[in-house]
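Q: Knowing the structure of chain E, use the given hints to seat chains Y, W and U on it.
There are 4 protein chains.
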Amino acid sequence: EKPLTIAGRAFRSRLMTGSGKYPTLKLMRQSIVASGCEIVTVAVRRVQAKAPGHEGLAEALDWSRLWMLPNTAGCQSAEEAVRVARLGREMAKLLGQEDNNFVKLEVIADLKYLLPDPIGTLQAAEQLVKEGFAVLPYINADPQLAKRLEAIGCATVMPLGSPIGSGQGIRNAANIEIIAAESEVPVIVDAGIGTPSEAAYAMELGADGLLVNSAIALAENPVAMARAMGQATESGYLARHAGRIPVKHEAIASSPLTGKVGS
Amino acid sequence: EKPLTIAGRAFRSRLMTGSGKYPTLKLMRQSIVASGCEIVTVAVRRVQAKAPGHEGLAEALDWSRLWMLPNTAGCQSAEEAVRVARLGREMAKLLGQEDNNFVKLEVIADLKYLLPDPIGTLQAAEQLVKEGFAVLPYINADPQLAKRLEAIGCATVMPLGSPIGSGQGIRNAANIEIIAAESEVPVIVDAGIGTPSEAAYAMELGADGLLVNSAIALAENPVAMARAMGQATESGYLARHAGRIPVKHEAIASSPLTGKVGS
Amino acid sequence: EKPLTIAGRAFRSRLMTGSGKYPTLKLMRQSIVASGCEIVTVAVRRVQAKAPGHEGLAEALDWSRLWMLPNTAGCQSAEEAVRVARLGREMAKLLGQEDNNFVKLEVIADLKYLLPDPIGTLQAAEQLVKEGFAVLPYINADPQLAKRLEAIGCATVMPLGSPIGSGQGIRNAANIEIIAAESEVPVIVDAGIGTPSEAAYAMELGADGLLVNSAIALAENPVAMARAMGQATESGYLARHAGRIPVKHEAIASSPLTGKVGS
Amino acid sequence: EKPLTIAGRAFRSRLMTGSGKYPTLKLMRQSIVASGCEIVTVAVRRVQAKAPGHEGLAEALDWSRLWMLPNTAGCQSAEEAVRVARLGREMAKLLGQEDNNFVKLEVIADLKYLLPDPIGTLQAAEQLVKEGFAVLPYINADPQLAKRLEAIGCATVMPLGSPIGSGQGIRNAANIEIIAAESEVPVIVDAGIGTPSEAAYAMELGADGLLVNSAIALAENPVAMARAMGQATESGYLARHAGRIPVKHEAIASSPLTGKVGS
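Chains as they are written, first to last, in this note's numbering: chain E, 1 to 263; chain Y, 1001 to 1263; chain W, 2001 to 2263; chain U, 3001 to 3263.
Bound-form chain E, shown alone (with noise of 0.2 Å):
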């Protein structure tokens, strides 16, 4: 099993979390640690503005085994996505991550279903690459808007499933497949899956990594949830390189007398 490589680093697992909506600290502390991730997003402003549930939030996590993909959550536009990126990468540095450049890159004017603005996404990642962040930006899954980031220097991209916290699974199928076959950066499917079956096909379909939130942590038992997550994702990655038998529409041809095993 090859690592997913982000920027020049390595990690184990391809499933990354996020630490906002839990019933409580602990919750979120136990399901991080039953799902595997190594990376947690984290709102920098809602911890900068000590938003209700967010107090202490990014104290409670252990930084030296967790690697921090500080988030713009909360910034309608590309100026201020980029004052909050620049805001995370202070936090990182705070928290003990000195060399941590990462920023996943949310530019969202809707506030009705969440979805993110392509142009000024578009604009934010320019400025954030040149500063010199390795910026993951979270998308309509537009293959188009896809190629374009990439071709900017983003570290990722982050095509969205369906609608954040929606639970709708994988609406968009047929671009997430084109958008994992042409991209040359790593492809993590951001938002929308609500169960372990469609994290496990976002996976099959070709996508390098997911982040998964809402569904591990508002499900009734976080903690079991983050697990299956976990499992699943990288049950789709193994799948996706084993080779999996092709659709028929009959079954198979074998006379019901005859095996195919050898020695």
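Worth flagging that the hints you see were computed from the coordinates, not collected in a lab. Here the structure is a predicted model, which is why all the values come from computation and not from measurement. Ideal placement from N, C-alpha and C gives every residue a C-beta, glycine not left out. Each hint should be verified, as a subset may be incorrect.
Computed cross-link-like contacts, DSS-like style, restricted to lysine-lysine with a CA-CA straight-line distance of at most 27 Å [said to hold, decoys possible]:
id : chain 1 : residue 1 : chain 2 : residue 2
1  : Y       : Lys1248   : E       : Lys21
2  : W       : Lys2147   : Y       : Lys1147
3  : U       : Lys3248   : W       : Lys2112
4  : E       : Lys21     : E       : Lys50
5  : W       : Lys2248   : U       : Lys3112
Sample of chain E residues with no beta-carbon within 12 Å of chain U, all distances over it, derived [unchecked claim]:
id : residue
6  : Asp99
7  : Ala134
8  : Asn175
9  : Glu182
10 : His249
With the C-beta cut set under 7 Å, the calculated list includes, among others, these residues of chain U facing chain E [as the list claims (entries may be wrong)]:
id : residue
11 : Pro3118
12 : Leu3145
13 : Gln3168
A: Then chains Y, W and U, alone, in the frame of chain E:
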């Protein structure tokens, strides 16, 4: 995690595998280990007939660690199936499983799609239950037939997801869901599963276990696929009981600056 | 366009409708006209019992233009269904259809999902065929059961798309496709269709006709929905025989400056 | 039935078709008539370049009955598309449509999947709106991009169902649904539709119209498929406004002996 209990016997793993169609006996053994399964089905007629690839097959597995599920593959009528079931019981005894009365009942007259005959299956099941077998009948996903088979004393029902070896996945989810909701015996989805996402999905729909053969044995890398199927089966089961998030048509209506984490 | 021929009788329309569940008899009549259907099914027991809403129902339709398909709804056993089928034949005669020997056979013991009983249906069908009925049995989409019913002389098979009135659409497409491919009698998809796209899809899968009741009768505007269902049924049938384009994973590989038009 | 109104012009039919890819001009004409469409798109560059099969194409249609929708197929940049749009306006004038300012805007740099470039499309749209065009931009199903295009004054948005000519159907239903719900200009689903069921489905999701080319022109029988597509488009539109029945997981919970018909 509750064990899977069939006819009073408890199993930790909820994945069953087959023993046919593998390129070599060695790959079969390795795949079975990688899958983590505890129940392996064996085609009695093919083994008895020393069909190509079945010589030594039954002896090749370590029956002190695995539970044998003799199956009646190749039987086109109820009578044949009953006869082969009895041979299967003898085979299990010879291989050291004195108290093994399990039989996977297949009555298949259709050599094109290998779909089971509901009437012949019901007749054979009645006879075999009378003879003290723990009957695991392979059926189309017909909830009324499933109830009949339960009523006459079958140990499980084994509805198909799609035709054997077709890799089409779960093509009758509505019926599988009804069978799972209404059944008082374990529901094992058998046939059609091609990928881990489909395995997880079947479990999420409410299946108590799965039987996967072609998707593992005929994969390019059977051992990796076996491991993936084992993980996916467990992840789907975990998720089923972890209380998934509801599916929403909009994104989660949370203010972008408020979270939900308490302490 | 070939007519739909059932038991020697030819029909232009491939959509059948029901007569129950409408808000008013007037809307029923208008909807039936708007749908363009020629066959209307009538619940014999409910009409005989003058169940609420069924008084005058049979008389409300113009049987000189419509062909009556008496059904055995409400019958839980083969015996009951045979008895009600005979009453249906009398009813058709009384209403002027001397030579009408059609019966839509429903044997349903399951009052939760209204799924048909395969064994009872087969028994009743055998008896009714012997008595000279043209039997149109309502069944789960089980290809083996369908073959049995065809073999004993049924005039059609009527597999369900999903449970009656559920509006879930076609939830067992693989089996419907097999039944359509293998059947030598007309295949009428009955139950589950909620929208015109689902009606067209069933026809594209190879169905020879459809029966739609709840989706029309319980729509907010039954007359408009009836017209839509009539169009969709025809469009799906046309498409089935018009040779659809193949599904491709890439776009059509044509140079953007060359076309294919000759003269 | 309300007409489809684009840039102040009303159309009865909600299906638009193309003029390329037909085996012969005669079949093109017959298919267009059979479809009932009123808007036909024409590839300006191919006609200007007298590309194979495009000689005489524009003259072959009766523009006193059809409304021309010149398109910018073959343009890889915003600049090219603007130039070709202007040529298209001239072409429409020469063929007698003095007041036709419509243009279907395609900016496609991707020659493998023919997916539109969101940035180039936005730039060209801004310019063309300034020049007084009624702009109908072809886009990936990105709700945020659709809102931008509406905000700058586009006459419609034309999200794709799946890649041009792929016949994959609607592979991004969630986004199409959001675009349809949020848009204040007509939403025309363009590209990917292969069958009538997919056409009806797109309309049921909320599309105001469809553009279908390959699925008709490249069908074995284009005329029959054209008719089927016309019916399916109308049926989907009717159904959208007829109030479909809700989807239920059980059958309709009605006593088998009671109905709902009043008088």
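Q: In terms of Cβ atoms, is chain U entirely out of 12 Å range of Glu182/E?
A: Violated, because the least Cβ-Cβ distance between Glu182/E and chain U comes to about 8 Å, which does not exceed 12 Å.
Q: What's the verdict on Lys1248/Y and Lys21/E, does the C-alpha distance respect the 27 Å limit or exceed it?
A: holds, 16 Å
Q: Against the 27 Å threshold, does the CA-CA distance of Lys21/E and Lys50/E hold or violate the hint?
A: Holds - the C-alpha atoms of Lys50/E and Lys21/E are around 14 Å apart, at most 27 Å.
Q: Is the interface hint satisfied for Pro3118/U? The criterion is a beta-carbon contact with chain E at less than 7 Å.
A: At about 5 Å, which falls below the 7 Å cut-off, the nearest Cβ of chain E leaves the hint on Pro3118/U intact, so it holds.
Q: Does Leu3145/U pass the interface check with chain E, least Cβ-Cβ distance below 7 Å?
A: Cβ of Leu3145/U sits 6 Å from chain E, so the hint holds.
Q: Quick check for students: does the CB of Asn175/E sit more than 12 Å from each CB in chain U?
A: violated, 7 Å
Q: Using the nearest Cβ pair, does Gln3168/U come within less than 7 Å of chain E?
A: Holds, because the Cβ-Cβ distance from Gln3168/U to chain E comes to roughly 6 Å (cut-off 7 Å).
Q: Can we trust that His249/E is non-interface, i.e. its beta-carbon lies farther than 12 Å from all of chain U?
A: holds, 17 Å
Q: Would you say Asp99/E is clear of chain U, with no C-beta pair closer than or equal to 12 Å?
A: holds, 33 Å
Q: Run the distance test for Lys2147/W versus Lys1147/Y: straight-line Cα separation, threshold 27 Å.
A: holds, 22 Å
Q: Can you confirm whether the C-alpha distance between Lys2248/W and Lys3112/U stays at or below 27 Å?
A: holds, 12 Å
Q: Non-interface claim for Ala134/E: all C-beta distances to chain U beyond 12 Å?
A: Its Cβ never comes within 12 Å of chain U, the nearest being 23 Å, so this holds.
When the structure is compared with the earlier hints, violations turn up for hints 8, 9 and for no others.
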